[in-house]
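Sequence order for the protein chains is A and B.
Residue numbering for the first sequence follows my numbering, starting at 1 and increasing by one per position.
Residue numbering for the second sequence follows my numbering, starting at 1 and increasing by one per position.
None of these hints come from the bench; they were simulated from the model.
It should be emphasised that the depicted structure is a prediction, and the values quoted were computed from it without experimental measurement.
Among the hints, erroneous ones may be present.
[Unchecked claim] Under the rule of at most 27 Å between Cα atoms (straight-line distance), these lysine-lysine pairs were calculated in the DSS-like manner:
hint, chain 1, residue 1, chain 2, residue 2
1, B, Lys305, A, Lys318
2, A, Lys586, B, Lys586
3, B, Lys305, A, Lys547
4, A, Lys318, B, Lys318
5, B, Lys305, A, Lys457
6, A, Lys193, A, Lys171
7, B, Lys248, A, Lys547
8, B, Lys547, A, Lys586
[What the hints assert, rightly or not] Footprint (simulated), chain B over chain A, 3 or more residues, beta carbon under 8 Å:
hint, segment
9, 274 to 280
10, 439 to 446
Beta carbons are placed, not taken as given, at the ideal position from N, Cα and C, and that holds for glycine.
There are 2 protein chains.
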Amino acid sequence: MTETKRRNLETVPLDEVQGRHDSEALNLQGYDTVSLSNLSLPAFGQQSEAVREVDFDFLEAEQEGGNVPDEHFSEEPSVYRRFTGLLVRWIFRVPTPLRYFTHLTMFLVILGVLSASVIFLVDLSVHVLEVFRIWISSDNFGGYFVGFISYFLTALLLCLLSTFACQALGKEAEGSGIPQMKSILSGFYDRSKNSLKLRVLGAKSLGLICAIGGGLPVGWEGPNVHIACIISHQLSRLPFFRFIRRDKSLRLQMIGAACAVGLASSFGAPVGGVLYSLETTASFYIVRTFWKATAATVSGALIYKLLYDTPLVEAFQKTSFDIGVVDPTELVLFALLGILMGCAGSLFVYCVHQVYRIRMKKLPLTNRYILVGIVASVAAILQYPVELFRLDPRMAINELFSPETLRVLSPLQVFLLLVVKFPLVVVSVGLPIPAGVFVPSFLLGSCFGRLYGELLKLIFGDIIVPGGYAVVAAASFTTGVTRALSCAVIIFEVTGQLRHLVPTLVAVLFAFVTGNIFNRSLYDTLIIMKNIPYMPYMRKDRTPDMKVSQVMIRECISIQEYSNPGTLHEILQAYPEFSCFPVVNKDGYLLGAVKRRTLSTLVATQSPQLLMNSKLDMDYGDNEEFPASSGNMADDEEEEEDDSVHSSDTHPTASLNRNDSYVKTKDINESSSYSSPSLVEVPKDVSPLLVTEDTQLGRVHFMFVMLMPKCAYVVNGGKLTGVLTRLDIVECGQSTFTTN
Amino acid sequence: MTETKRRNLETVPLDEVQGRHDSEALNLQGYDTVSLSNLSLPAFGQQSEAVREVDFDFLEAEQEGGNVPDEHFSEEPSVYRRFTGLLVRWIFRVPTPLRYFTHLTMFLVILGVLSASVIFLVDLSVHVLEVFRIWISSDNFGGYFVGFISYFLTALLLCLLSTFACQALGKEAEGSGIPQMKSILSGFYDRSKNSLKLRVLGAKSLGLICAIGGGLPVGWEGPNVHIACIISHQLSRLPFFRFIRRDKSLRLQMIGAACAVGLASSFGAPVGGVLYSLETTASFYIVRTFWKATAATVSGALIYKLLYDTPLVEAFQKTSFDIGVVDPTELVLFALLGILMGCAGSLFVYCVHQVYRIRMKKLPLTNRYILVGIVASVAAILQYPVELFRLDPRMAINELFSPETLRVLSPLQVFLLLVVKFPLVVVSVGLPIPAGVFVPSFLLGSCFGRLYGELLKLIFGDIIVPGGYAVVAAASFTTGVTRALSCAVIIFEVTGQLRHLVPTLVAVLFAFVTGNIFNRSLYDTLIIMKNIPYMPYMRKDRTPDMKVSQVMIRECISIQEYSNPGTLHEILQAYPEFSCFPVVNKDGYLLGAVKRRTLSTLVATQSPQLLMNSKLDMDYGDNEEFPASSGNMADDEEEEEDDSVHSSDTHPTASLNRNDSYVKTKDINESSSYSSPSLVEVPKDVSPLLVTEDTQLGRVHFMFVMLMPKCAYVVNGGKLTGVLTRLDIVECGQSTFTTN
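When you get a sec, could you build the whole thing from the sequences and use the hints?
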């Protein structure tokens, strides 16, 4: 069928349908060139494989069982890999896709189990601290005042310890952690990957234990998400799971699954966790993540069930409302509650932003310890008088959710709780400590809802179940803050009931919509506040007609098709930041692109002296630091290279590297003509993303969002005229993005 | 900061960094050209707007409130639009984003309410038919035999009517409908949009009523999804909602939301429906769809609640199991059940495929009426003896799910139900009638699970609740068939219980994994069986090293930068299938692309005689039909054009069209020089997707999946060497895709 079409087209008699013969000639030429370069450089025999595997700039979607290069399983010469290889081969005796699948499943199960365990340990430590503080502030040691003093001092000590942990181990541990994960999921892995270091895990857990144990009203689900993501990242560094690390798409899917696990293990809500990780994703969700996230969260949920069935830690109680048919009138009340919660949620976000702004403006140099100390003192003073205020918020939430009348707290105390906690949470969220916002939101929402419900009960009588309103308000206030509809599902799973499904969903939707009218979600606000790189949807109405030519960097370093090795070497030395270079012919027409590594090998094979003298040549060219937007092109690549160097010491699986060295030793004798003016042909082993100058910026933005390349080359009539990086686009959009 | 960077780069002393001045010169030239074309052709004053709005090949992601061109709201000269405009402006008095949002929300609410109502009406009609048939086959009219005869005859009549409806009104109504929606969501809107016609809605509803009413064991959720999608599509054709139709991304999001509504309204499961629509999406899910789908399903769920609370129709009963802590041993039993259900599900898929294959091979010419008649007769004969077999499957499912011991059915009868229904369902699913598979799967799964549970109860005693196993098995068998994990959530919402959350999720995951080991999901199988265009993940291991140059069509029609209007006209006449043409300079370097409409206007303004003589010229050039892969480039565009012509009669909002005619009448007097040899410059108003020849096919496939363009131009060193369409890629992958 395609054959017929081609013939049909071939018999077209129009003059205008030309450029065909030219193009075919060019194609043949171009094709020969490629094979020539293959022949002349045996090191690139596996070039295409390598391109697919490591140097592929785009995020590649993978097919189950199809994507993994077989060599991960077939060539494992080290003792460890040989053992695991034999294990897999003997025990499982399955074809490659299934082996790949087995590895993946093992990763997911380990991720779920490990994350849930770590999260439980953190929770347990918090509980131990709380019990300890209750004990020392009890009447055993003296009166009310002595109790208060010991409560106050421990609070101060723990909170200072919390911020010290962040300062000493990793400042990336400060805050919720979800903004950083959003940044990574939107494609800024290379810019935000510092958040995934092991020491950040330590800082986050220790800081979180101390902060909550010290009585600050912060939540643990954001930090838990962060913890799970770090665990996922660190797991993927293990040699057994390196295939995950190498596949950019799979890596992102695993971060998505880890987000789900983190949230699911905080609440025992597997479905809600998966949905939440969907909503955390910036713009598009790879559907294949879904089952992976589910598998991981279910593993986590099993551990959660096992651990939280023990009476060690406070857990959410299951509710048992007997709401029958919901009256349409009551639905209106729920909708109204949703609107109120949406307003309250956006007020909360506004306050957090304002507090942060005032702090940055008025107290820019204030020591972190002074800040945390003051807030911790105020929190201790305010929370000490009523016992339920200073205990685990889950106890208060359980009380507020209960279908019966309030037992411990009076409505006045609920109101007090609301009034005391709201400003405290607002201030605490911005402090330099690990601080989540989900649980405090649940608490604030349920206070509000309980009051609303009690009020309605006074008006309408016993038909109203105030606890039900507390549940709905908890979900919808959290939605108002985070703009995540999955809060509804999380609350269903927390309470174990689905009877109030429709009212909750209605209220949550209204809160979502109302909140979005006023401002953006807390996480997006935090991203702006902390200048985390992020690629959101662009507001096209604000940059309506901008073209690529207005944003691109016109001065683009390019390499001639036939170049002198010396010149190539100079370029490599001068631009250590770039991981790949565009290749043009002598008229400036773009032919393709070449990887840095390929170029180095080329230089090494052609004139190895250059490489030896490279230390002496280092001062050539302006080596001053490039701005970040150029630098980010190299970051990821470099780490990949570092890794492969490390791994080739221990596990020489990277056949490319071995070939390189082989070529080096062999060709040194042949072409040892330093400063030979002979031109070598530069191979083109990367197929770059091309855009034309007239392309609308919105369109290029879309391409960057979807394909996640690091940069795109701009061509005009075939000639290379510029380059465009992710950050150029973000910067361009940021002027409008930051205006609230 | 960018400024500094540019200066840094400007002072680079290397010779290799050249092509900069060239490129800038070229850029200026190119830019002037564009503005020149703007000046010479006032019709293209709004060119950029038009490009963004209609002719943008890519799927564009939209920003809430940012995307809608304001003219939808500012220029509404017709009475209807003026009225609605005033209404919106006066009543709401809100800024544009909010107005856009209001429209969108109205659309979603109407979609939810309308779909749920239609689905309820279909269900009600089925119920009426069932009651009628029970009445006429009861003992009132004679004995058992007379009852059977009337049951048999009505079954035959209704089933034949069902297939007649499909034949007469639209063959697209046959089958589940979900495969077509998957095709549309994977980007083949233009190839599958026939399924969204209004007459298909009629065929689908009528056919469904008759098929289920006629006693065939088919489900209604697939057809319901299809119905909701048709409603969404038809709603978007209303002038008030045209902005949805114009935005490709929004259109897809609405199809996604409609899928969610269709499923949610079948079961009253809003969350499950949203999740299901996520899993129906081929490869990536636009996160913005999430709240839209939720809003629509919640509106639908409100209606569902309202309508199904009436005792008109059979509904799923809420269960109330008292499963406490799930024993780890029991969890193993659930996991085993999941594995069994996965095997059974994939067996089901295999049987459906084999039955279809045998039918196609052995009985290719068999009349559809004979086929349906035979199956209907067999079904009637087999199902008549036991009353519960021939009633609404929901009654049987409620019985099987019940926590108490079985009342109506004995275990033997459950076994019989399984044995009778399994082959019947397998055969019915492939018949030329509307046929879903969810509800029969629920039924088969719950039969199996109940038997499994009863068996376990015999072994382990009263600790086992067989109804719980029926619930879990229903979800996991359905997952085994559809490979959708959301079945778990749907079953939670159907039964209203979350207590068996973890066991269900575990079983469903095991079923998913087990099923995927054997074959692909029923819907993917149906897609292959019925040759529906679909763009799934490509199995990279099977086309590992293919390059674009091996697949592309080398003979690409291109237009010279400076062309004779006569030649342009000839090209337009010769290739009515193409919606845009690449523009090259005289050396064959690609400069950009031009829309067909722009070209026609250019020809019209330059030499209007050509247009008048066009009817005479029609026989010029080979006008034979092109294969589909070229044709699909024009389809969508043409419909868009048709629409705008229609709308400009009634609501002349398309300012471009008006300008066109203005230019036409004005310029006829000026440039009436037919066959003038003067060359005109072709404007380049489309920025095409460019790929290089060496690009790996997997990468281009990924670009097609993510960006959803219709075609990509292949360049080599700047020269246009070929074109690549969606279907070329799919065809290339299909040779491997169809092998099971």
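For the pair supplied as a hint, A/Lys586 and B/Lys586, confirm whether the alpha-carbon distance does not exceed 27 Å. holds, 19 Å
So if I understand the rule, the pair passes when the alpha-carbon distance is 27 Å or less; does B/Lys248 with A/Lys547 pass? holds, 21 Å
Sort out whether A/Lys171 lies within 27 Å of A/Lys193, counting only the CA atoms. holds, 13 Å
Assess, step by step, whether the Cα of A/Lys318 is no farther than 27 Å from the Cα of B/Lys318, and give holds or violated. holds, 18 Å
Are there three or more residues in the segment 274 to 280 of chain A whose C-beta lies within less than 8 Å of some C-beta in chain B? Three-residue rule met by the segment 274 to 280 of chain A, so holds; n is 3.
Stated coverage of the segment 439 to 446 of chain A by chain B [criterion: 3+ residues, CB within 8 Å]: violated (count 0)
Compare the distance between the alpha carbons of B/Lys305 and A/Lys547 with 27 Å, and conclude whether the hinted pair is satisfied. violated, 50 Å
Holds or violated: B/Lys547 with A/Lys586, Cα cutoff 27 Å? Holds, at about 25 Å.
Taking only the CA atoms, is the gap from B/Lys305 to A/Lys457 under or equal to 27 Å? Holds: B/Lys305 and A/Lys457 sit about 24 Å apart, inside 27 Å.
Quick one, are B/Lys305 and A/Lys318 close enough, alpha carbons at most 27 Å? holds, 24 Å
Of the numbered hints given earlier, the model fails hints 3 and 10; all others are met.
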